[in-house]
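S.K.: Sequence:
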Amino acid sequence: ELWLFTTTLSSACQSIRSTNTREMSLYCHMLYALLEEKKENVYTLDQLMAILRRSEEYCLPQDVEEISELLSSLHTTGLIVFLKNNHTPGNSWVVARKGVLLTEVNGVLFAPDNFKEHCDIASNTGIISLYSLSQLFPQYSSDMLVVFL
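The numbering of the sequence shown is the numbering used here, which starts it at -10 and goes up by one.
Do not rely on the hints blindly, as some may be mistaken.
Stated by the list, open to error - Taking lysine-lysine pairs in the DSS-like style, the calculated list, with each CA pair at most 30 Å apart, reads:
hint, residue 1, residue 2
1, K87, K27
2, K105, K87
3, K28, K105
4, K28, K87
5, K87, K73
6, K73, K105
7, K73, K27
Please keep in mind that the hints were generated in silico from the structure rather than gathered at the bench.
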């Protein structure tokens, strides 16, 4: 009976920690709760890791790869946007509130002429310069905006 209990408990713990299944793991739920609790819309992976190290409320992995997998799972479900940088993982972008970013960026860039939010910064080819993006949205990294758009 002890062996059965231990095996069942081990299996349950593995399921909770699992990041390889399509199901949302407990870690995914905790990470999403942490992102929802914070006020920022956008983080770099390095910033998020610093928050995790300081957090006493959430027992999440401290490994960048594990957190990256959890963020990818949350991205797949549509809860967040995770823009992974394979060359420099710490510079990956986590968009916690994608609706805000869509409204603030896409809403301005694609607003019709008769909207007060409309800005005429695109060339006749529809290309927007990096300089124009950085001037129009100084609160966001232009590198992140390029990947986002």
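S.K.: Within 30 Å, alpha carbon to alpha carbon, are K105 and K87?
M.R.: 22 Å, holds
S.K.: Assess, step by step, whether the Cα of K87 is no farther than 30 Å from the Cα of K73, and give holds or violated.
M.R.: 15 Å, holds
S.K.: Does K105 lie within 30 Å of K28 when you go C-alpha to C-alpha?
M.R.: Given pair K28, K105 holds - Cα atoms ~27 Å apart, limit 30 Å.
S.K.: Holds or violated: are the alpha carbons of K28 and K87 at most 30 Å from each other?
M.R.: Holds. K28 to K87 sits at ~13 Å (cutoff 30 Å).
S.K.: Given the hinted pair K73 and K105, is their Cα-Cα distance within 30 Å?
M.R.: 34 Å, violated
S.K.: With the threshold set at 30 Å, check whether the alpha-carbon distance from K73 to K27 stays at or below it.
M.R.: 21 Å, holds
S.K.: Is K87 within 30 Å of K27, Cα to Cα?
M.R.: 14 Å, holds
When the structure is compared with the earlier hints, a violation turns up for hint 6 alone.
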